[in-house]
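Undergrad: Start from the sequences and build out the full structure, keeping to the hints where you can.
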Amino acid sequence: MRKLLMVAVLVMAAAGFSFIGVQAENLQDQVYALYGRFDAGILTLMYPVGSYDFETQEFSMVSEFDVNELMFGLNLKLPLGLIYLRGAAYTTVGNVMNFSENGTLGIFGRLGAGLNILFLTAEAGVRLFYLFGDPEFQFNFSPQYFYIALGLSF
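Per mature numbering (1 follows the signal peptide of the UniProt record, and there is no 0), the sequence shown runs over residues -24 to -1, 1 to 130.
Think of the hints as simulated: they come from the structure by calculation, not from any bench.
Yeah, the Cβ is synthetic: ideal placement off N, Cα and C, and Gly gets one too.
A few of these clues could be false.
What the hints assert, rightly or not - Here are the simulated distance ranges between beta carbons:
hint, residue 1, residue 2, range
1, Leu81, Gln120, 29 to 37 Å
2, Leu94, Asp42, 33 to 41 Å
3, Asp110, Leu58, 33 to 41 Å
4, Leu128, Leu52, 16 to 24 Å
5, Met73, Phe95, 18 to 26 Å
6, Gly26, Phe122, 39 to 47 Å
7, Ile59, Asp29, 26 to 34 Å
TA: Written out as structure tokens, the structure is:
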């Protein structure tokens, strides 16, 4: 599985990284999930690193690599000088593998804006969720679910 991750990172490196960094998403009031994020052109790759609880000041790291938790997808970036707008849609490997059994596919998304200063990038926005294949059309878009990303841009 680690070889699969290395191959994916090498392919994205060959395509040209446009962002390498860390993304934090709020899970609850004071609990944030942390992800390593790699963007290359229109491709995005994310993996959960752990979570941080501001109330108890505790960081818990993911104990082992699980390919089913690997997130991949597409993103579009609209540069407007120093700032930019970004939209992205992604899913996990586990969701794709279980699609034939469940008939549903969880698609996550984000809409945000960022600031580029030299090679540093700060980005913030809101998260989305859509359950593809669900007859009840489950869609979640709320400003309560936000993300913050910090990293290097090229």
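Undergrad: If I claimed the Cβ atoms of methionine 73 and phenylalanine 95 lie 18 to 26 Å apart, would that claim hold in this structure?
TA: This hint is violated: roughly 36 Å between Cβ atoms.
Undergrad: Please test the hint of 33 to 41 Å on the beta carbon pair from aspartate 110 and leucine 58.
TA: For leucine 58 against aspartate 110, whose Cβ atoms are near 40 Å apart, the range 33 to 41 Å holds.
Undergrad: Take the C-beta atom of isoleucine 59 and the C-beta atom of aspartate 29, compute their distance, and say whether it sits inside 26 to 34 Å.
TA: The hint (26 to 34 Å, Cβ to Cβ) holds, given that isoleucine 59 and aspartate 29 are roughly 31 Å apart.
Undergrad: Indicate whether the distance between the beta carbons of leucine 128 and leucine 52 respects the range 16 to 24 Å.
TA: 20 Å, holds
Undergrad: 39 to 47 Å was suggested as the range; check whether the CB atoms of glycine 26 and phenylalanine 122 agree with it.
TA: 19 Å, violated
Undergrad: Does the hinted range 29 to 37 Å hold for leucine 81 and glutamine 120 at CB?
TA: Between leucine 81 and glutamine 120, where Cβ atoms are some 24 Å apart, the hint is violated.
Undergrad: For leucine 94 and aspartate 42, compare the CB-CB distance with the range 33 to 41 Å and indicate the outcome.
TA: 35 Å, holds
Of the numbered hints stated above, those contradicted by the structure are hints 1, 5, 6, listed in ascending order.
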